[in-house]
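Okay, here's what each chain looks like letter by letter:
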Amino acid sequence: MSSAAAEPDKASPAIAASSVSKAFGGVQALHAASFAAQAGEVHALVGENGAGKSTLIKVLGGRIAPDSGGVALDGRPVRFASPADAARSGIGTVFQELTLLPWLTVAENLLIGHEPRRFGLVRRAALAPQAEQVLAGLGIHHIDPRALAADVSLAERQIIEIARVITRHPRVLLLDEPTSSLVEREVEWLFARIRDLRAKGTAVVFTSHRWNEITSIADRITIFRNGAEVGTFTGIDEDEAITLMTGQRVETMYPPVPPVPAGAEPALELVEGSVNGTAQLAFTLSAGEILGIGGLAGQGHRELFSGLFGAPPLPRGRIKVDGKQVHIRRPSDAIHASLGIALVPEDRKSEGLLLPLPVRDNLTLPILSSLSRFGVIRGAVERRMCRDMIARLAIRTPNAAQPVGALSGGNQQKVLVGRWLLAESRVLLLYDVTRGVDVATKHEIYELMLRLAGEGRAILFYSSDTEELAHLCHRVLVLRGGRIAAELAAPALNAEAIVTASVREAHAA
Amino acid sequence: MPREATSPGQAAPRRSAMVHIIGQNVGVILAAIVLLVSIAAFCGMFLLQQDRLPGNFEVTSTVNNTMPLALAAIGQTVVVLTRGIDLSVGGVIDLTNALAAIWLTGSTLHMLGVSLLIVLIGAAAGLLNGLVVGLGRLQPIVVTLATLSIFQGLAIRVLPQPGGEVPPSYTDFLVSTNGPTALLFLLAAAIGWMVLRRSRLGVNIFAIGNDEQSAIALGVNAMRTKILAYMLGGALYAIAGLFLAANATAGDATTGDGYTLTSIVAVVLGGVNLFGGRGSAVGAICGAFITTMIVNILFFAHINPLYQSFYEGLFLVIAVVLGALIGRLVRGSR
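If you're matching them up, the sequences are chains Y and D in order.
In terms of our numbering, the first sequence is residues 1 to 509.
In terms of our numbering, the second sequence is residues 510 to 843.
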């Protein structure tokens with residue numbers, strides 16, 4: 001709620017951080033960083049993962065207290081004990097880690113702390129109608145306020161989280177990676193809301209890794225590197241920004257893709273398959289090939305990838321690996337199927353990695369039985385394997401004993417890939433592996449993918465970033481309603497073609 | 510709001526409010542069904558062996574015998590909802606039961622004051638648990654295991670030998686043998702639960718049980734909420750101790766020991782999630798009565814008392830497995 005305190009000083013920024021430093025353990029996340037956003041502007045914070053963007057948002061949003069330096073609101077120094085405290089001063093924050101409570105309903109989550117009450121008690125019957133009204137006021141009609149938060153999709157959870165913050169009319173809105181789980185249409189919705197808020201004089205600060213989003217909405221851009229700001233810009237192109245973010249010039253974002261060797265054997269075939277039980281889906285993935293899967297969200301990508309990994313199996317279809325039919329009922333079937341099928345999922349926290357365990361255990365978990373003699377792990381062999389893999393994938397970790405949870409997102413992703421390389425999986429299912437990963441690490445992942453394909457591994461690759469699909473894949477299958485709407489290859493393969501094929505009939509339907 | 514803004518997603522067909530309510534209360538509904546089934550089974554066996562249905566006497570004694578467990582289970586529910594667990598239940602009941610046996614005498618007013626004081630002592634025991642768990646950020650299971658022993662020790666100190674005397678008027682008030690009037694206290698407890706569920710404390714209890722870090726980010730004072738939850742639990746165990754004393758018309762410093770485990774059993778049977786954030790005291794009350802009905806059924810089935818805990822355990826496993834399966838089916842069918 002906007003406080004009726006003194007009239008804001010026009011010359012002072014709506015929110016500012018001056019010389020803020022913050023260290024976590026031995027890592028200096030922010031190093032005398034300064035930042036300021038004006039009322040009525042949309043201000044993008046960009047930088048690699050680990051550059052300090054999220055930490056700055058947490059400091060501004062009252063989630064963490066800085067070691068030194070301070071935050072000022074309309075020119076007045078402030079100190080917040082908690083995000084709730086900051087919210088009372090008109091700062092609304094959507095943190096990267098969502099704060100929805102899973103076993104409460106959407107309505108309870110949306111209205112928590114502001115429930116309709118009578119005699120001090122929550123009017124439970126009024127929760128859903130009021131939430132419905134709040135959501136409708138923001139143009140959201142597809143989310144059922146009576147559903148449990150645990151039962152709605154990741155994107156819907158993100159939208160609810162955003163809705164909860166903006167419905168309280170913040171004077172400063174902080175959004176940390178708000179679009180990472182949203183598809184285009186949802187991003188459009190968010191940007192429409194941001195424009196509304198900007199028109200009303202709200203200062204909006206957001207972080208994103210998607211350059212086209214940044215340029216389409218941000219009035220100003222502040223670039224962060226190594227825990228401090230590099231500078232604030234109004235018109236800057238992507239190459240320049242990347243140079244400033246990385247401190248070096250990245251020659252080309254996407255490395256050149258060598259062709260699939262002639263006469264490559266099929267590594268993975270799906271025959272008479274289906275992701276939903278009705279629509280037909282079939283394809284062949286050759287050794288050494290990167291086959292892209294594109295299309296709008298919710299067209300069966302997730303089901304396809306988890307289905308090929310047996311988690312859970314596809315409702316219909318025969319899977320052939322290396323020409324031989326295999327039965328994949330659970331992940332262990334996939335891991336041990338002939339060539340070995342490995343899935344690197346989008347949600348590495350809940351689906352792939354054991355965050356509190358060291359890098360070493362996360363790397364060697366599926367191959368422990370072959371690493372052991374008489375049931376005891378051969379420590380020296382394991383250590384050597386881990387050391388080699390860390391070096392080979394350039395995983396940034398002090399040593400193999402570091403808990404995976406302490407690594408950055410991109411490096412966590414590399415640990416997952418490394419696990420399947422150790423397991424000698426020849427078929428890799430990469431599901432949106434670059435989501436929320438910084439530019440430099442993305443680049444490393446691209447090069448790694450091409451190297452793996454060059455070694456004869458077959459890669460099935462889904463990405464929510466269409467550019468990635470266009471630049472890294474030999475072929476791209478565009479899914480719509482669980483069917484292949486288009487198959488795009490070499491000369492016809494570009495981002496526009498993928499987008500066109502994704503939506504062509506979506507409107508007519 | 511400008512109308513040109515596109516809705517960010519397509520509206521899926523909605524489930525009706527009723528379907529949501531059923532889906533989100535599967536635990537309580539299942540507990541109620543299991544309770545009805547076990548009552549029916551008991552009545553059937555009673556009818557076979559006695560040629561009549563259970564009468565006023567049977568109903569009254571069943572209700573009176575279950576009251577302490579039902580109250581302890583409600584207290585345990587409040588704690589479990591915060592993603593905690595309270596093993597000190599037995600110790601608090603021991604202590605309050607012993608105090609009741611030696612203090613409850615004299616005028617009605619005096620007994621009322623003593624009862625209130627004993628409930629406050631229960632709350633103070635909970636305060637100790639809550640302070641150590643909340644301020645010390647320690648595992649509830651360790652803290653309450655330690656305080657369980659402390660309260661048991663205090664109880665023995667208060668009443669070294671079983672004894673004392675509870676005036677008949679006190680017994681008549683709480684657990685009259687003329688009819689199941691104690692159900693009125695349960696009704697009051699259920700209404701109290703509804704109120705709690707709608708209060709700020711109730712919302713906060715559910716919030717920290719769902720995700721403590723998120724709840725803190727949303728402005729919930731997690732420490733205060735936990736302390737209050739343990740205090741409320743302690744107060745309810747104390748009331749259980751009073752009912753136990755009234756029922757036995759005397760005190761025993763070890764009579765509450767079994768309630769630590771049975772209160773957890775009742776909570777599980779009542780569909781309360783042991784990992785916090787989901788559940789209802791109404792379910793826990795059902796769970797308490799299911800536990801009693803199982804014992805009654807075993808009695809009428811002429812099961813050797815030596816094997817009683819074996820069958821109790823068996824029923825518990827079956828009930829929990831079935832409950833989990835049905836819960837999964839209901840939630841999976843969306």
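By construction, these hints were calculated from the structure, which means they are not laboratory data.
Please note that a few of the clues may not be correct.
[Unchecked claim] Now the stretches of chain Y that chain D is said to cover, found in silico as 3 or more residues with beta-carbon under 8 Å: (1) 74 to 85; (2) 146 to 158; (3) 182 to 193; (4) 385 to 398; (5) 474 to 482.
[Said to hold, decoys possible] Residues of chain Y clear of chain D, computed beta-carbon distances all greater than 10 Å: (6) Q38; (7) R63; (8) L101; (9) T105; (10) I112; (11) E115; (12) W211; (13) E238; (14) D239; (15) L244; (16) M245; (17) G340; (18) S370; (19) P403; (20) L493; (21) T500.
[To be verified] Label-pair restraints from in silico Cβ distances: (22) Y/P77 / D/L834: 54 to 64 Å; (23) D/L770 / Y/R195: 25 to 35 Å; (24) D/L834 / Y/N494: 29 to 39 Å; (25) D/V839 / Y/N276: 30 to 40 Å; (26) D/A655 / Y/L121: 30 to 40 Å; (27) D/G822 / Y/Q133: 31 to 41 Å; (28) D/L834 / Y/E272: 29 to 39 Å; (29) D/Y820 / Y/V376: 38 to 48 Å; (30) D/V830 / Y/Q133: 36 to 46 Å; (31) Y/G456 / D/I835: 28 to 38 Å; (32) Y/P259 / D/I835: 48 to 58 Å; (33) Y/P403 / D/A550: 48 to 58 Å; (34) D/L834 / Y/A32: 49 to 59 Å.
Predicted, not measured: the structure shown is a model, and the values here were computed from it.
Note that CB positions come from ideal geometry on N, CA and C, so glycine has one too.
Hint by hint, here is what the structure shows:
With 4 residues having a Cβ less than 8 Å from any Cβ of chain D, the stretch 74 to 85 of chain Y passes the three-residue criterion, so the hint holds. Only residues whose C-beta sits within less than 8 Å of a C-beta in chain D count toward coverage, and the stretch 146 to 158 of chain Y has 6 of them, enough to reach three; the restraint holds. Residue count for the stretch 182 to 193 of chain Y with a Cβ under 8 Å from a Cβ of chain D: 8. That meets the three needed, and the coverage hint holds. Here the stretch 385 to 398 of chain Y counts 0 residues with a CB under 8 Å from a CB of chain D, which misses the bar of 3, and the coverage is violated.
Remark: the stretch 474 to 482 of chain Y is not confirmed as covered by chain D, as 0 of its residues place a Cβ nearer than 8 Å to a Cβ of that chain, below the required three. Distance to chain D confirms Y/Q38 as a non-interface residue, since its nearest Cβ pair spans about 23 Å, more than 10 Å. Residue placement check: Y/R63 does not keep its beta carbon more than 10 Å from all beta carbons of chain D (closest about 7 Å). Some Cβ of chain D comes within 10 Å of the Cβ of Y/L101; the nearest lies about 4 Å off, and the non-interface call is violated.
Taking the minimum C-beta to C-beta distance to chain D, about 7 Å, the non-interface status of Y/T105 is violated against the 10 Å cut. The claim that Y/I112 lies off the interface is violated: its Cβ sits roughly 6 Å from the closest Cβ of chain D, which falls inside the 10 Å cut-off. Not every C-beta of chain D lies more than 10 Å from that of Y/E115, the closest at about 7 Å, which undercuts listing it as non-interface. Non-interface call for Y/W211 relative to chain D: holds, since the shortest CB-CB distance, roughly 22 Å, exceeds 10 Å.
Distance check on Y/E238: its Cβ is at least 26 Å (rounded) from any Cβ of chain D, clearing the 10 Å threshold; non-interface status holds. For Y/D239, the requirement that its beta carbon stay farther than 10 Å from each beta carbon of chain D is met, with the minimum near 32 Å. Non-interface call for Y/L244 relative to chain D: holds, since the shortest CB-CB distance, roughly 32 Å, exceeds 10 Å. With a least beta-carbon separation of about 28 Å from chain D, Y/M245 lies farther than 10 Å from that chain, consistent with its non-interface assignment.
With a least beta-carbon separation of about 30 Å from chain D, Y/G340 lies farther than 10 Å from that chain, consistent with its non-interface assignment. With a least beta-carbon separation of about 35 Å from chain D, Y/S370 lies farther than 10 Å from that chain, consistent with its non-interface assignment. With 10 Å as the threshold on Cβ separation, the claim that Y/P403 sits away from chain D holds: the shortest Cβ distance comes to roughly 18 Å. Every Cβ of chain D is farther than 10 Å from the Cβ of Y/L493; the closest lies at roughly 28 Å, confirming the non-interface assignment.
The Cβ of Y/T500 sits about 19 Å from the closest Cβ of chain D, beyond the 10 Å cut-off, so the non-interface label holds. The hinted window of 54 to 64 Å between Y/P77 and D/L834 holds, with their beta carbons roughly 58 Å apart. For D/L770 paired with Y/R195, a C-beta distance near 59 Å fails the hint of 25 to 35 Å. For the pair D/L834 and Y/N494, the beta carbons lie near 50 Å from each other, so the given range of 29 to 39 Å is not met.
Checked against the given bound of 30 to 40 Å, the beta carbons of D/V839 and Y/N276, roughly 22 Å apart, lie outside it. At roughly 36 Å, the beta-carbon separation of D/A655 and Y/L121 lies within the given 30 to 40 Å, and the hint holds. Restraint check, D/G822 to Y/Q133: a C-beta distance of roughly 50 Å breaks the suggested window 31 to 41 Å. Checked against the hint of 29 to 39 Å, the pair D/L834 and Y/E272 passes, with Cβ atoms roughly 32 Å apart.
Here the CB-CB span from D/Y820 to Y/V376 is close to 43 Å, well matched to the stated 38 to 48 Å. For the pair D/V830 and Y/Q133, the beta carbons lie near 42 Å from each other, so the given range of 36 to 46 Å is met. Between Y/G456 and D/I835, the C-beta spacing of about 49 Å breaks the proposed range 28 to 38 Å. The supplied range of 48 to 58 Å is met by Y/P259 and D/I835, whose beta-carbon atoms lie about 55 Å from each other.
For Y/P403 and D/A550, the Cβ-Cβ distance of about 52 Å falls inside the hinted range of 48 to 58 Å, so the restraint holds. Our hint of 49 to 59 Å for D/L834 and Y/A32 holds, since their Cβ atoms are close to 58 Å apart.
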